[in-house]
Amino acid sequence: MEERLEVDIRVPNQTRYLSLIGKIGEDIARTLKRYQGDREELAYHINLVLTEAMANAIRHANEGNPDKELQITIQIENNQLHIRVYDEGEGFDFASVPTPEFKYLDEHGRGVYIIRALMDSVTYRRDKKGHVLEMIKSLN
Amino acid sequence: MIVQVEEKGSVVVIVVKEERLDAHNSSELKAQMLNLFEEGKTNLVVDLETVRFVDSSGLGSLVSGFKNASARNGNLKLCSLQPQVKSMFELTRLHRVFEIFTTKDEALASFG
Chain U
1 MEERLEVDIR VPNQTRYLSL IGKIGEDIAR TLKRYQGDRE ELAYHINLVL
51 TEAMANAIRH ANEGNPDKEL QITIQIENNQ LHIRVYDEGE GFDFASVPTP
101 EFKYLDEHGR GVYIIRALMD SVTYRRDKKG HVLEMIKSLN
Chain E
1001 MIVQVEEKGS VVVIVVKEER LDAHNSSELK AQMLNLFEEG KTNLVVDLET
1051 VRFVDSSGLG SLVSGFKNAS ARNGNLKLCS LQPQVKSMFE LTRLHRVFEI
1101 FTTKDEALAS FG
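Note that the protein sequences, when read in sequence, are chains U and E.
According to the working numbering, the first sequence is numbered sequentially starting from 1.
According to the working numbering, the second sequence is numbered sequentially starting from 1001.
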């Protein structure tokens, strides 16, 4: 039987919720019945991309406004993991975020690089209230 | 953020007593290190033994500390990284920047 799962969560636009959502992502990785790869590594990676995507949305898209909200969906379907992080902001030019120049030792700019490195497909587009960052990973 | 600061001769060890070093708490570590630099401390060891998760903001706070220590002719070294945390340094090539030791004693001994 095909494994299907969808989790839909809304949290205030505050970094205090990063840990909660990251842990939910980790637990989902641990419950996958048929995943053949390194489960703990997958758990860490899901935690990480959720944390990076939410931190970006909180700071850049929603501009740190604690009254705004984030919506996060985590979906398993067709042996693919879909993670979507919805913000309520004006968005930012995701496509133009460069790969960091490692030799310059910048303090910032690694988050988007990490998401792109760990996921198979990453898109950022306009949605009803703001924008959505969609990240897809094959679980084969 | 809970940190424990230990002075070992001319080296200060910052033991991060958190499970996560992320966008929520990494600015506190950065501020803690800046306080030490302002007190004239330049050689730091950050002990990450209890940290099982680090994100790009956590890495950024350590890069900030490293750059500040280097600018003062000091150094910031790391010890006791859990495997997943170490893999973050490899993913972002930062393992080529930081000196990373298995134990706190080895990190301290490296300052001579």
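Take the hints with a grain of salt, since some may be wrong.
With a straight-line Cα cutoff of 30 Å, these simulated BS3-like cross-link-like pairs (lysine-lysine) come out [as the list claims (entries may be wrong)]:
#  : chain 1 : residue 1 : chain 2 : residue 2
1  : E       : K1008     : E       : K1030
2  : E       : K1086     : U       : K33
3  : E       : K1008     : E       : K1067
4  : E       : K1067     : U       : K103
5  : U       : K33       : U       : K23
6  : U       : K68       : U       : K129
7  : E       : K1104     : U       : K23
8  : E       : K1086     : U       : K23
9  : U       : K33       : E       : K1067
10 : E       : K1104     : E       : K1008
11 : E       : K1086     : E       : K1017
12 : E       : K1030     : U       : K23
13 : U       : K103      : U       : K33
14 : E       : K1104     : E       : K1067
15 : U       : K23       : U       : K68
16 : E       : K1086     : E       : K1041
17 : U       : K33       : U       : K128
18 : U       : K68       : E       : K1030
19 : E       : K1041     : E       : K1067
20 : E       : K1030     : E       : K1017
21 : E       : K1008     : E       : K1041
22 : U       : K137      : E       : K1086
23 : U       : K103      : E       : K1041
24 : E       : K1030     : U       : K129
25 : E       : K1104     : U       : K103
26 : E       : K1104     : E       : K1041
27 : E       : K1086     : E       : K1008
28 : E       : K1104     : E       : K1086
29 : U       : K23       : E       : K1017
30 : E       : K1030     : E       : K1086
31 : U       : K33       : U       : K137
32 : E       : K1041     : E       : K1030
33 : U       : K33       : U       : K129
34 : E       : K1030     : E       : K1067
35 : U       : K68       : U       : K103
36 : E       : K1104     : E       : K1030
The following label-pair restraints were derived from C-beta to C-beta distances [stated by the list, open to error]:
#  : chain 1 : residue 1 : chain 2 : residue 2 : range
37 : U       : R34       : E       : S1010     : 50 to 56 Å
38 : E       : N1035     : U       : E3        : 27 to 33 Å
39 : U       : E101      : E       : E1099     : 20 to 26 Å
40 : U       : S96       : E       : I1002     : 36 to 42 Å
Bear in mind the hints are in silico, worked out from the structure with no lab data behind them.
We treat Cβ as the ideally placed atom computed from N, Cα and C, and that holds for glycine.
The hints, checked one at a time:
1. With a C-alpha separation of about 20 Å, the suggested pairing of E/K1008 with E/K1030 holds against the 30 Å cut-off.
2. For the proposed pair E/K1086 and U/K33, the alpha carbon gap of about 28 Å is at most 30 Å, so the pair holds.
3. For the hint pairing E/K1008 with E/K1067, the CA-to-CA distance comes to about 21 Å; that is within 30 Å, so the pair holds.
4. At roughly 12 Å between alpha-carbon atoms, E/K1067 and U/K103 fall within 30 Å of each other, so this suggested pair holds.
5. This hinted pair checks out: U/K33 and U/K23 have alpha carbons roughly 18 Å apart, not beyond 30 Å.
6. For the given pair, U/K68 sits about 11 Å from U/K129 by alpha-carbon distance, which is consistent with the 30 Å threshold.
7. About 29 Å separates the Cα atoms of E/K1104 and U/K23, which keeps this hinted pair within 30 Å; it holds.
8. For the hint linking E/K1086 to U/K23, the alpha-carbon distance of about 19 Å falls within 30 Å, and the restraint holds.
9. Only pairs whose Cα atoms come within 30 Å are accepted, and U/K33 paired with E/K1067 is rejected, the gap being roughly 45 Å.
10. This hinted pair checks out: E/K1104 and E/K1008 have alpha carbons roughly 11 Å apart, not beyond 30 Å.
11. Simply put, E/K1086 and E/K1017 have alpha-carbon atoms about 17 Å apart, close enough for the 30 Å limit, and the pair holds.
12. With a CA separation close to 24 Å, the supplied pair E/K1030 and U/K23 stays within the 30 Å bound.
13. Restraint check: the Cα-Cα separation between U/K103 and U/K33 comes to about 41 Å, which exceeds 30 Å; the hinted pair is violated.
14. A distance of roughly 21 Å separates the Cα atoms of E/K1104 and E/K1067; the hinted pair therefore holds under the 30 Å criterion.
15. The hinted pair formed by U/K23 and U/K68 meets the criterion: a straight-line CA distance of about 22 Å does not exceed 30 Å.
16. A hinted pair counts as satisfied when its Cα atoms are at most 30 Å apart, and E/K1086 with E/K1041 qualifies at roughly 26 Å.
17. Proposed proximity of U/K33 and U/K128 is contradicted: the alpha carbons are some 34 Å apart, above 30 Å.
18. The suggested pairing of U/K68 with E/K1030 holds, with an alpha-carbon distance near 27 Å, which does not exceed 30 Å.
19. The straight-line distance between the Cα atoms of E/K1041 and E/K1067 is roughly 14 Å, inside the 30 Å bound, and the hint therefore holds.
20. Between the alpha carbons of E/K1030 and E/K1017 the distance comes to roughly 15 Å, so the proposed pair stays at or under 30 Å and holds.
21. This hinted pair checks out: E/K1008 and E/K1041 have alpha carbons roughly 11 Å apart, not beyond 30 Å.
22. Under the criterion of a C-alpha separation no larger than 30 Å, the hint pairing U/K137 with E/K1086 is consistent with the structure, at around 23 Å.
23. For a cut-off of 30 Å, the pair hint linking U/K103 to E/K1041 stands: about 26 Å separates their Cα positions.
24. At roughly 34 Å between alpha-carbon atoms, E/K1030 and U/K129 are farther apart than 30 Å, so this suggested pair is violated.
25. The hinted pair formed by E/K1104 and U/K103 meets the criterion: a straight-line CA distance of about 27 Å does not exceed 30 Å.
26. Simply put, E/K1104 and E/K1041 have alpha-carbon atoms about 18 Å apart, close enough for the 30 Å limit, and the pair holds.
27. Annotation: proposed proximity of E/K1086 to E/K1008 holds, straight-line Cα distance about 25 Å (limit 30 Å).
28. The hinted pair formed by E/K1104 and E/K1086 meets the criterion: a straight-line CA distance of about 15 Å does not exceed 30 Å.
29. Proximity of U/K23 to E/K1017 is assessed by CA-CA distance (about 18 Å); at most 30 Å being required, the pair is judged to hold.
30. Note on E/K1030 and E/K1086: the hinted pairing holds, with a Cα-Cα distance of about 20 Å set against a maximum of 30 Å.
31. The straight-line distance between the Cα atoms of U/K33 and U/K137 is roughly 16 Å, inside the 30 Å bound, and the hint therefore holds.
32. Taken as a hint, the E/K1041 and E/K1030 pair is honoured in the structure, with Cα atoms around 14 Å apart against an allowance of 30 Å.
33. Between U/K33 and U/K129, the direct Cα distance comes to roughly 35 Å. Violation of the 30 Å bound is thereby established for this hinted pair.
34. A threshold of 30 Å between alpha carbons decides the hint, and for E/K1030 with E/K1067 the separation of about 11 Å falls inside it, so the pair holds.
35. Annotation: proposed proximity of U/K68 to U/K103 is violated, straight-line Cα distance about 36 Å (limit 30 Å).
36. Taking the CA atoms of E/K1104 and E/K1030, the gap is about 20 Å. The hint holds against a cut of 30 Å.
37. The given range of 50 to 56 Å is respected by U/R34 and E/S1010, whose C-beta atoms sit roughly 55 Å from each other.
38. Between E/N1035 and U/E3 the CB atoms are about 50 Å apart, so this pair departs from the stated range of 27 to 33 Å.
39. For U/E101 and E/E1099, the Cβ-Cβ distance of about 22 Å falls inside the hinted range of 20 to 26 Å, so the restraint holds.
40. For U/S96 paired with E/I1002, a C-beta distance near 38 Å keeps the hint of 36 to 42 Å intact.
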